[in-house]
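Residue numbers (my numbering), protein chains in the order written: chain A, 1 to 280; chain B, 1 to 280.
A few of these clues could be false.
For chains that are exact copies, the list does not tell them apart, and a pair is met inside one copy or across any two.
[Stated by the list, open to error] Cross-link-like lysine to any residue pairs, in silico, SDA-like; alpha carbons within 20 angstroms at most:
no.	residue 1	residue 2
1	Lys233	Pro113
2	Lys233	Thr265
3	Lys269	Pro252
4	Lys188	Asp253
5	Lys131	Pro113
6	Lys233	Gln114
7	Lys269	Met1
8	Lys233	Gly121
9	Lys233	Trp122
10	Lys233	Gln120
11	Lys53	Asp248
12	Lys262	Arg157
13	Lys212	Met224
14	Lys212	Phe241
15	Lys233	Leu132
16	Lys53	Ala209
17	Lys233	Asp174
18	Lys262	Phe241
19	Lys233	His175
20	Lys131	Ala169
21	Lys233	Pro91
22	Lys53	Arg157
23	Lys188	Asp32
24	Lys131	Ser108
These aren't lab readings, by the way, just hints derived from the structure by calculation. If you're wondering where the values come from, they're calculated on a predicted model, not measured in any experiment.
2 protein chains.
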Amino acid sequence: MTASLAFLGPVGTYAEAAALACAQWWQQEIDDHFELCPYPSIAQALQAVADEKCDFAIVPVENSIEGSVSMTLDTLWQLDMLQVQQAWILPISHALLSEADDIQDIESVCSHPQALAQCQGWLEQQLPQVKLVPTRSTTEALHHLRETPSMGAIASRRAAEIYSLPILAHPINDHPDNCTRFWLMSQKHSYAGSHSSLAFSLPSNVPGALLKPLQIFAERHINMSRIESRPTKRSLGEYVFFIDIERDLQCPDVRSGLEELKGYTETLKIFGSYSIHSAS
Amino acid sequence: MTASLAFLGPVGTYAEAAALACAQWWQQEIDDHFELCPYPSIAQALQAVADEKCDFAIVPVENSIEGSVSMTLDTLWQLDMLQVQQAWILPISHALLSEADDIQDIESVCSHPQALAQCQGWLEQQLPQVKLVPTRSTTEALHHLRETPSMGAIASRRAAEIYSLPILAHPINDHPDNCTRFWLMSQKHSYAGSHSSLAFSLPSNVPGALLKPLQIFAERHINMSRIESRPTKRSLGEYVFFIDIERDLQCPDVRSGLEELKGYTETLKIFGSYSIHSAS
C-alpha cells in the first residue's frame, strides 16, 4: 500500500525527520510505503487528514523543554475523527547555520519560536546583541541565508545538509536532553497499544467538577502519565483537559471508566490507543 | 508608602493597563502610591522583585484564549520567595493601528505572539497576504509605525492614544470574551484571600505519583479551579504542576493537606493566598 503522510514543512524540519523515521518503520514492519507531503502549518497538516486529502499526519505534541504544542492540541480538539496511531520520540539537537565568516558577524537569527526558546541561554551568552526573528518552521527562512551572510538560522544538522549551509555551532540547545514527542494521526480507529489519550471539557460552574474524572481513573489504579489543560476559549477558567493513560482502550477497567466518565463531562473525545517508538 | 511596580513595557501594553488598575486600587484602599517601572521581559520584571530592585511586579498568568503564559510559570518556578498578593482580570480588546490610508495598503502586522494568535481569524479574513512579525510586547514596534505606513500593529486603544497612532479597526479579536489574568507578586507572605496557588514536582519514575496529590485535595473537598503542567526540562514526561485552589492558606483543611502533600512531592512551592479583582 502507498499512503500519504502530511507534516510541517518545508523539508529539513524536525517534523520531517519524525516523518522519515515513521515511514521507515512502516516500510520495514508492514511493507507500507509513505509519500511525504509538506504543509505550511500544523493545523493545515491535520486538516488535510480530516478532509481525506492525506491518509496520515505526523505532528509535534510536546517538547521536553517548551512543553505542549498548543496549536496541535487546539486543532485536535476542534477536528473530529482523528486518532493517534503511534507516538514517536525524536531527540532534538539544534545547530546554528549561516554563511557568515565569523559567528560575531551575525546580526539576526531566524527560527521557529520553540527552537529560539530552546537556545535562549546560548544566544544570550554568545550573541547578546542579535535580533531574533520567529518563523513558521525551523527551515522556512533557510533559502534567504545564502544571499544574506549577516543572517543566521537555528535548524537541524540535516537541514544544513539539505540546504548546503555551513554549521557555525552545534549543539546549541540549552538542555542536552531535548526531545519532542510526535503523534501519527489518521482517521482509522485504534484500540491497541501501551498508552491511550483523551480530552474532555466539563460543565460550567460546577465546583469540583475535575475531581470526579480524576477519581474515576484513581479508583481503577489507571496511571495518568500526563494531564494538560487548554482554555475552552469561551471564558476564563474553563478548560479542556488532555489526559494520557498507561492502558489501552480494550482494557475492561478503561472501558468501564470511560463509560462512567461520560456522565461527568460536557464533551469527551477519545483519541485512541498507541505504542511509543523512538527515532534517532 | 511609595512602592515600585515592575511590568512588561514599554508603556501602553496590557500589563501596564493592569498595573494602572492595580495602582489605583492601592491608592484608594490603602493609600499606597505605586511608581511604575517598565521592563523588557516578564522574566526581568519578576527578577527585579527577587533582587529587591522593585517591591512588586504584575505579570500575566493566563489568557482565556491562548492559555497559560509559560514564561511566567517557568520563571516563578525557578525563583524563590515570590508570593501572589492579588489576581487582576483585565478584558483584552485589540485594535489595528497603522498610518496606512487604507487597511489594504498594510503589508506587515507586528505584535506580541499572543496578540497575533488572538486575532488570527480576523487577519486571515481581512489581510490574508500580510506578513506577521512577532515582537516582545504589543507596543515594542509602535515607534516604527509613524515612518512606515505599510506597517500595522495590534495593540490596545490606549496604546493608540499614547503613541498618537490612528486606529483602522477595532475590536479585532476573534473571541469577544478575551481576558487575561495577572498576578501581583512581591516577597511579602500572603495567607488571606479566596484563592491559593502552589506548584510541585513529583519523584521520577513513580507510577501514579500524581494521584495522591489530587486525592489529598479531593478528600478534603477542596476545589481545584485550575491545574496546569509545565515540563521540568529534565526529561520528557516529567512535569511541574501548578494548582489553584478555592481556599486560603489559613484554612485548617488546607494546612493539613499541604502537610500531607510534602510527603509525596519532590519540590513544593506555595505561592500564597490572594483575592481576585477586576480591571475595566
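Evaluation of the provided hints:
In this assembly of identical chains, Lys233 and Pro113 lie within 20 angstroms of each other by CA distance solely across copies; the values are 17 angstroms between and 22 angstroms within a copy. In the homo-oligomer, the alpha carbons of Lys233 and Thr265 lie at most 20 angstroms apart inside one protomer (17 angstroms), although the nearest pairing across protomers, at 31 angstroms, exceeds that limit. Proximity of Lys269 and Pro252 under a CA criterion of 20 angstroms is satisfied intra-copy only: 18 angstroms inside one chain copy versus 38 angstroms between copies. With identical chains, the CA atoms of Lys188 and Asp253 are never at most 20 angstroms apart, being 23 angstroms at best within one copy and 47 angstroms at best between copies.
Taking identical chains as interchangeable, the C-alpha atoms of Lys131 and Pro113 lie at most 20 angstroms apart whether they share a chain (13 angstroms) or sit on different chains (16 angstroms). In this assembly of identical chains, the alpha carbons of Lys233 and Gln114 lie at most 20 angstroms apart only when taken from different copies (13 angstroms versus 23 angstroms within one copy). In this homomeric assembly, Lys269 and Met1 never come within 20 angstroms of each other (Cα to Cα): the closest approach is 29 angstroms inside a single copy and 53 angstroms across copies. Proximity of Lys233 and Gly121 under a CA criterion of 20 angstroms is satisfied inter-copy only: 14 angstroms between copies versus 33 angstroms inside one chain copy.
Proximity of Lys233 and Trp122 under a CA criterion of 20 angstroms is satisfied inter-copy only: 16 angstroms between copies versus 35 angstroms inside one chain copy. Taking CA atoms no more than 20 angstroms apart as the test, Lys233 paired with Gln120 passes between copies only; the shortest distance there is 14 angstroms, against 30 angstroms inside one copy. Proximity of Lys53 to Asp248 under the C-alpha cut-off of 20 angstroms is found in neither arrangement, the shortest distances being 29 angstroms within a copy and 53 angstroms between copies. Taking the closest pair of Cα atoms, Lys262 and Arg157 never come within 20 angstroms of each other, the shortest separation being 47 angstroms inside a single copy and 44 angstroms across copies.
Taking the closest pair of Cα atoms, Lys212 and Met224 come within 20 angstroms of each other both inside a single copy (14 angstroms) and across two copies (12 angstroms). Taking CA atoms no more than 20 angstroms apart as the test, Lys212 paired with Phe241 passes in both settings, with 13 angstroms inside one copy and 19 angstroms between copies. In this homomeric assembly, Lys233 and Leu132 never come within 20 angstroms of each other (Cα to Cα): the closest approach is 29 angstroms inside a single copy and 22 angstroms across copies. Taking identical chains as interchangeable, the C-alpha atoms of Lys53 and Ala209 are never at most 20 angstroms apart, the minima being 39 angstroms within one chain and 42 angstroms between chains.
Taking the closest pair of Cα atoms, Lys233 and Asp174 come within 20 angstroms of each other only across two copies (10 angstroms); inside a single copy the shortest separation is 33 angstroms, beyond that limit. Taking the shortest alpha-carbon separations for Lys262 and Phe241, only the intra-copy value of 14 angstroms comes in at or below 20 angstroms, while the best inter-copy value is 25 angstroms. In this homomeric assembly, Lys233 and His175 come within 20 angstroms of each other (Cα to Cα) only across copies, at 7 angstroms, whereas the closest approach inside a single copy is 32 angstroms. When the C-alpha separation of Lys131 and Ala169 is checked against a cutoff of 20 angstroms, the pair qualifies only within one copy, where the shortest distance is 17 angstroms, while the shortest distance between copies is 29 angstroms.
In this homomeric assembly, Lys233 and Pro91 come within 20 angstroms of each other (Cα to Cα) only across copies, at 14 angstroms, whereas the closest approach inside a single copy is 32 angstroms. Proximity of Lys53 and Arg157 under a CA criterion of 20 angstroms is satisfied in neither setting, with 31 angstroms inside one chain copy and 42 angstroms between copies. In the homo-oligomer, the alpha carbons of Lys188 and Asp32 lie at most 20 angstroms apart inside one protomer (15 angstroms), although the nearest pairing across protomers, at 62 angstroms, exceeds that limit. In this homomeric assembly, Lys131 and Ser108 come within 20 angstroms of each other (Cα to Cα) both inside a single copy, at 4 angstroms, and across copies, at 18 angstroms.
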